[in-house]
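Input sequences plus hints: build the corresponding full structure.
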Amino acid sequence: MTLLTAPPPPATRDLAHLSDESLLSLVAASDDDALAELYDRFGRVAYSLALRILRDEALAQDAVQEAFLGVWRSADRFLAERAKASTWILTLVHRRAVDLVRREERRRGEPLESAPEPAAPETTEDEATLGLQRRLVQEALSQLSPEQRQALELGYYGGLTQSELAEQLGQPLGTIKSRMFSGLSRLRDLLAEAGLEQSYP
Amino acid sequence: MNDPHSLVAPYALDALDQPEEREFEEHLATCESCRQELARLRETAASLAYAAPGPAPPLALKERILDQARADRPNVVSLPRRRSWTAPLAAATAVAAAAAIGLGVWGATRSTSTDPFAAVLARSGARVVPMGDRGALAVAPDGSAAIALSAPNAPAGKTYEAWVIRNGTPKRAGLLSGTSTLRIQRPVGTGAVVAVTLERTGGVDRPTTPPVAQTRALS
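Chains as they are written, first to last, in the working numbering: chain D, 1 to 201; chain U, 1 to 219.
Misleading hints may appear alongside valid ones.
Claimed, not checked - Some, not all, of what chain D presents toward chain U, calculated at C-beta under 10 Å:
no., residue
1, Tyr39
2, Arg134
3, Ser145
To be verified - Stretch by stretch, here's where chain D covers chain U in the computed footprint (C-beta under 8 Å, at least three residues):
no., stretch
4, 7 to 15
5, 35 to 49
6, 126 to 138
7, 166 to 172
Bear in mind the hints are in silico, worked out from the structure with no lab data behind them. Predicted model, so just to flag it, every value in this text is computed and none were measured. Note that CB positions come from ideal geometry on N, CA and C, so glycine has one too.
What follows is the structure, given as structure tokens:
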């Protein structure tokens, strides 16, 4: 029996059974395989979101890259924050994309329905799951009032601030804030009814 | 002037300008109800990401991200970490801490039921303690704990074994295969050290090799 003196070369590691949160804890320990697994889980939705906001492939790639490097560098902070991992990651992506779109002044505000990119064919189980989530969220969005939907879409996908929205729509700021709040609250209820998991009751 | 409570939804949507954002984060530091509301609304706002249809990112993007991550890895050869794991909130400014807390109270996740690490973290007051670069320990105030180990698969005839060490006496705490999670079957309290060693299959009564992962004594 030989005594092991050095760790064996890393075998192919199956991280698929770990939760997003466990993966982030491994990322905080500088585990790049865990970062790769998180990218496999969230890279596609992150890129779609960034592209929706930025309307430019190079900028969208920049946003996703910077956001995932943010995940890499600050996963230890996430651990102390105790947020849901998917929320934390997608929040980083969204913030990065919004920062870029404001800097580039490429703000766009077309409603979601007119988004030009067709959904790519769903070839794997993950993509099918993603497609289902997309349909559930789109369906829930379509049940909001037009004013609520517009406030969420122009704010979240358009990267507009509440003040810019108020100006663009010719509405008082308080109205915009209240549409955002009621829209998000209603969306939350609709997603819960549709069975899309929400952590908070 | 904004009523700060009314900024929670625009903040969750990243729809504030910078002065408003700062104003709200200062408020967040002092307002528990806004922190809770933000945690809920942030989660819903993030679900909007799934409604954006789009093509898959170019394959090269993943490699670029991983290459850059490896290149700037701060702690491969026991360099000091750029950030403390154990006291990030204490080290942060009040505003940064508030923003951090505002990201949410831990919620149940889809795999909480099967992942013991996530299950422990879901408990009230739970925290994460580093185990060097090979993993982390989640521990709750009631002493329940779980390990997330990041290690190559144990070679044939070997296994990773976890230990809870108190007053210099190691107690067996379970076996791990490699990169995996383990719920520790005994309480982990103040002063204890949790460690993982590589042992022969089936485990042993006392550690026989230096630890591959280890916490400091828990405070």
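Do the hints match the structure? See the list:
Using the Cβ-Cβ criterion of 10 Å, the hint placing Tyr39/D at the interface with chain U is satisfied: the shortest such distance is roughly 5 Å. With a least beta-carbon distance of about 5 Å to chain U, the hint placing Arg134/D at the interface is held under the 10 Å criterion. Contact between Ser145/D and chain U, as hinted, is not supported at the beta carbon level, the nearest pair being about 15 Å apart and thus beyond 10 Å. Counting residues of the stretch 7 to 15 of chain U whose beta carbon lies closer than 8 Å to any beta carbon of chain D gives 8, which reaches the threshold of three, so the coverage claim holds.
With 11 residues having a Cβ less than 8 Å from any Cβ of chain D, the stretch 35 to 49 of chain U passes the three-residue criterion, so the hint holds. Remark: the stretch 126 to 138 of chain U is confirmed as covered by chain D, as 11 of its residues place a Cβ nearer than 8 Å to a Cβ of that chain, reaching the required three. A count of 0 residues in the stretch 166 to 172 of chain U with a Cβ less than 8 Å from any Cβ of chain D is obtained; the coverage claim is therefore unmet, three being the minimum.
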